[in-house]
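A.B. asks: Starting from the given sequences, assemble the full structure and let the hints guide the process.
If you read the protein sequences in the order shown, they are chains R and Z.
Per the working numbering, the first sequence starts with residue -12, numbered consecutively.
Per the working numbering, the second sequence starts with residue 39, numbered consecutively.
Simulated from the structure, these hints should not be mistaken for laboratory data.
These numbers come from a predicted model, not from an experiment.
For each residue, glycine too, the CB sits at the ideal point set by N, CA and C.
Some clues are possibly wrong.
Quick partial rundown of chain Z residues pointing at chain R, CB under 8 Å, derived from the structure [claimed, not checked]:
(1) Asn108
(2) Ala111
(3) Gly112
(4) Glu116
(5) Arg129
(6) Met136
(7) Thr138
(8) Phe162
(9) His168
(10) Phe172
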Amino acid sequence: MTLFKGQLAPANQVHDFHPAVGLCGLYLVVPVPEGGLTLSDDGKIAILQLKNLEIIDQPTWPAFRAEATLARMDIKIVWKAKGERVRYSDPQKQFRVDGFKAIAQLEATVEVPSIGFSWKSDPLETSKANFALIGDEVNGKYYTP
Amino acid sequence: MNLEKKIPQVRNFSRRGFLTSGLILAATSALRLPGRAEAVTASEGPEKFTYDGSTDPYPIPWLDKNGSHNQPAGSGNEPSSIYHFKGKVARCSDFTGMGTDNKGIRLAFGSPTTDNAFMQGEYFTGRAVHKGTFAHL
Chain R
-12 MTLFKGQLAP ANQVHDFHPA VGLCGLYLVV PVPEGGLTLS DDGKIAILQL KNLEIIDQPT
48 WPAFRAEATL ARMDIKIVWK AKGERVRYSD PQKQFRVDGF KAIAQLEATV EVPSIGFSWK
108 SDPLETSKAN FALIGDEVNG KYYTP
Chain Z
39 MNLEKKIPQV RNFSRRGFLT SGLILAATSA LRLPGRAEAV TASEGPEKFT YDGSTDPYPI
99 PWLDKNGSHN QPAGSGNEPS SIYHFKGKVA RCSDFTGMGT DNKGIRLAFG SPTTDNAFMQ
159 GEYFTGRAVH KGTFAHL
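C.D. replies: Here is the structure:
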């Protein structure tokens, strides 16, 4: 999550909160504990809600070796499928996605204790994502053309 | 729809993850709190060897053109960050939103790099099938 003072432009970036890159190479990925993800029975609505997540703040990310400070985050993201279906299949890259375009909104709080900084987003309903999808995917060994 | 109200407390899930945090703490604390960094790394010791390979999910190899096993979210792009994966996924990016810091300053969040996803299902790594839920934040 990138924060800006003023317009959303790289020159105005003041914080960038994300998990660290794992030793296995996974990029900004964290495990979700049981209860952290709730899916509707039809799979068209998902709520991801994580609390007290250990992350880092790298204000100059993605600059190489950007200074990192320990931080914490609470975040809630809601995806709701829209009517339009999406289907991607790529035999060369060996993946297939079958799902729906979606609406996504989020709310979050972040804290950087060592510098006495905290920030809280406006309510979830006030946010908007210009791209979102929800669906099912297979890749790698699970992919069949 | 039955939506649970429980909000889990999240910690790094594996010892590897904890070590990652420890390394970051060491890196940042080297400048800020050197004594604390030394205590954290010293108490952890070396990581144990896993004989049949890691149980951590495997990143998607062909995404490595930027050296980060990642690509922007977008139409036609693969939403998962995990290779040999089968399950439910969702991804979103390019947010616009606002918030307020503890000094009352209004700060916007968003841009294409505010990019989030979840992956829930089965993945194959270390010669075995595993199940799990992961988030890209």
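A.B. asks: Out of the numbered hints, which ones does the structure contradict?
C.D. replies: 9
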